[in-house]
Amino acid sequence: MIHVENLTKEFKFRKSQPGLKGAVKGLFSNVTETKTAVNNISFDISPGEIVGYIGSNGAGKSTTIKMMTGILTPTGGRCLVNGIVPYEKRMENSQNIGVVFGQRTQLWWDLPLSETFTILRDIYRVPNKEFQDRMEFLESVLGFNEFIHSTVRTLSLGQRMRADLAAAMIHNPKILFLDEPSIGLDVVVKENIRKAIKLMNKEFNTTVLLTTHDMAEIEELCNRIIIIDSGEKIYDGDKKQFKDKYGYMKTIEMNIANEEKAKLLNFNTSFNLSSEDINWSIKDQKIVLNYHKDKVSSMQIISCAMDKVDINDINIRELPIEDIVKGIYQGLT
Amino acid sequence: MGRYLKLYGRFTAQYLKFMMQSKVNFFIGFFGFLTVQASGLAFLYLVFQHIPTLNGWSFYEILFIYGFAQLPRGIDHLLTDYIWLLGMRVIIKGEFDRYLLRPINPLFHLISERFQPDAFGEIIVGIVITGIAIKKLGMEITFLKVILFIVFILAGAIIYTSIKLFFASLAFWIKNSMPIMNLTYAMADFAKYPNQIYSKFVQAIITVIIPFAFTAFIPATYFTGDTSLTLALFGTVGAAIISFTVAYSIWLRGIKIYESAGN
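As they're listed, the protein sequences go chains A and B.
Here this note's numbering is used: the first residue of the first sequence is 1, the next is one more, and so on.
Here this note's numbering is used: the first residue of the second sequence is 1001, the next is one more, and so on.
Please keep in mind that the hints were generated in silico from the structure rather than gathered at the bench.
Note that this is a predicted model, so its numbers are computed, not measured.
Treat the hints loosely; a few may be bogus.
[What the hints assert, rightly or not] What the simulated footprint calls covered on chain A by chain B, stretch by stretch (three residues with Cβ under 8 Å from a Cβ of chain B suffice, anywhere in the stretch; the number is not a length):
#1 84-94
#2 97-106
#3 117-126
#4 139-147
[Claimed, not checked] Using 20 Å as the maximum straight-line C-alpha spacing, the simulated DMTMM-like pairs for lysine to aspartate or glutamate come out as follows:
#5 B:K1023 x A:D110
#6 B:K1017 x A:D110
#7 B:K1136 x B:D1226
#8 B:K1093 x A:D110
#9 A:K89 x B:D1226
#10 A:K35 x B:D1226
#11 B:K1256 x A:E10
#12 A:K239 x A:D229
#13 B:K1256 x A:D122
#14 A:K295 x A:E276
#15 A:K12 x B:E1259
#16 A:K293 x A:D310
#17 B:K1256 x A:E180
#18 B:K1006 x A:D122
#19 A:K243 x A:D277
#20 A:K286 x A:D313
#21 B:K1175 x B:D1081
[As the list claims (entries may be wrong)] Only some residues are given here: those of chain A computed to face chain B with a beta carbon under 10 Å:
#22 T8
#23 F11
#24 S62
#25 L111
#26 P112
#27 N172
#28 W280
#29 D284
In this text, a Cβ means the ideal position worked out from N, Cα and C, and glycines have one as well.
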């Protein structure tokens, strides 16, 4: 369905020096710098797959998606989306894809939401019966009827995202590109959106390429993960493999009163685990500890700590993507 | 083609509905424009109280040209107002992406983002003034003349749109082309008055380089008998075709080099 081969994108820009002197200098100089946002990426995605396309900020995710949707033309390599070269046959490609950019809406700002839907129906030439059925389905899954007559301008972020997702699905695209669709949303709305994507994939065999920073989202939706860092692909494999290799670490932050006492703690000896499986640092009245969640539980760690030092507050979270990516690099080197 | 007409009809109906909802807004815009036009006319009238002719042109001849000038400008303003935003913000903010993601012509998509009923004020004033001038000048109304009138107005509107599109598309390169668009548009006012009152240099610019002269002065003076049919017809239609071709090519080139806006 999607074929990406040695895809590369370079941006040229003028290098400017800081300050007024630098600005004046810039008028006369012609020094351009090249930034390689995407460097020689290749992968293939089959119909019906839900693929997580993850990486830290600035890794090149959005740039890759913009090439696959026809917005940008690659500097090197090529890609095929459903057999079409997107940046050469943009309009034809648009018929096959649905795109949601989390940061920007594609709805008509000054019109009621219902109008966006009917205008899209006309633009994509969706037959009336099919349109009715699809709207019913999307309403059952995204619940937008309560604000369908409101002007898009007046919608909250959560409502707008649900509407954007619905709008992307009206013409039943074979491929959905979702660029951070749940950014800034609360837990409930995120849940709705995830359910919607899963159902659409099940019902219509829609191929989904999803960019996100949310590990839980990857967890729930994706069966395959591609990781990109500094424009290069550094991992491509199924989710279970990924979790087994990298998803097992969690972080506990413990707020403490007495740093001196905390320095007496040694979790390696207490649990007989190497520093790969458990490591920590003490700073700013806090113990920040990373641990292998299959080898030791948070409760065990906390009670061990409480033995020696008073704990005022606790915060437990998944290892963020950035740290996982760092970890992958360390694993490679 | 028919599909685009139907789509555009749909967009327009929706915007009209929306604009009518804020009736106050609608009427303020409408009458605002009317007032601006009226003051321009008052100025003309006052000038002609003191001089019998302007370089050989009588008051009603000038009035005819002035009124005629409003019509192509008004039509362009009514339909393609959003092109201003291309130069102002659409490119800088990366809002252009969405026009590339739909299976319709991006220029059509851009233009259909806004329908500007304020322009009805311009158009109505133009019709009224032209009507008065025609009566006072005793112009003969023939079927051919009516057809030519419509052709000239439409061609003039295309010229306006093309010039606007050309300068707005520069935003693909320089990001913000508002200043240059404003400057150029100010020149459009030159076409409201007879060409001869300007220096040869200015005349050359507004005829050949940025052909505002063909939106009003040249076609209008065909009807007053001062310009030949050949020049008026072939000049105006020719200018429309050439300017649109040039503008549309720049627009397409701009899309090719478009780099979006990060995230």
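Would the pair K1256 of chain B and E10 of chain A pass a check requiring their Cα atoms to be no farther apart than 20 Å? holds, 15 Å
Restraint check, 10 Å cut-off on beta carbons, for L111 of chain A near chain B: holds, 6 Å
Has the given pair, K1017 of chain B with D110 of chain A, been kept, meaning a C-alpha gap of at most 20 Å? Within the cut-off at roughly 11 Å; holds.
K1256 of chain B paired with D122 of chain A [C-alpha distance capped at 20 Å]: The hint is violated at about 27 Å.
For the restraint on N172 of chain A, tell me whether the closest CB of chain B is nearer than 10 Å. Given a least distance of 14 Å, the restraint on N172 of chain A is violated.
Test coverage of the segment 139-147 of chain A by chain B using CB-CB distances below 8 Å; three residues minimum. Coverage by chain B is violated for the segment 139-147 of chain A (0 residues, Cβ < 8 Å).
Given pair status - D310 of chain A, K293 of chain A, alpha carbons within 20 Å: violated, 23 Å
Compare the distance between the alpha carbons of K1256 of chain B and E180 of chain A with 20 Å, and conclude whether the hinted pair is satisfied. violated, 26 Å
For the segment 97-106 of chain A, count the residues whose Cβ lies under 8 Å from any Cβ of chain B; is that count three or more? That given contact holds, which follows from 6 residues of the segment 97-106 of chain A lying within Cβ reach (below 8 Å) of chain B.
Take the C-alpha atoms of K295 of chain A and E276 of chain A, compute the straight-line distance between them, and say whether it is at most 20 Å. Roughly 11 Å separates the two Cα atoms, so the pair holds.
Does the closest beta carbon of chain B sit nearer than 10 Å to the beta carbon of T8 of chain A? violated, 15 Å
Straight-line alpha-carbon gap K35 of chain A to D1226 of chain B, limit 20 Å: violated, 60 Å
Consistency with the previously given hints fails for numbers 4, 9, 10, 13, 16, 17, 22, 27, 28 and 29, ordered from lowest to highest.
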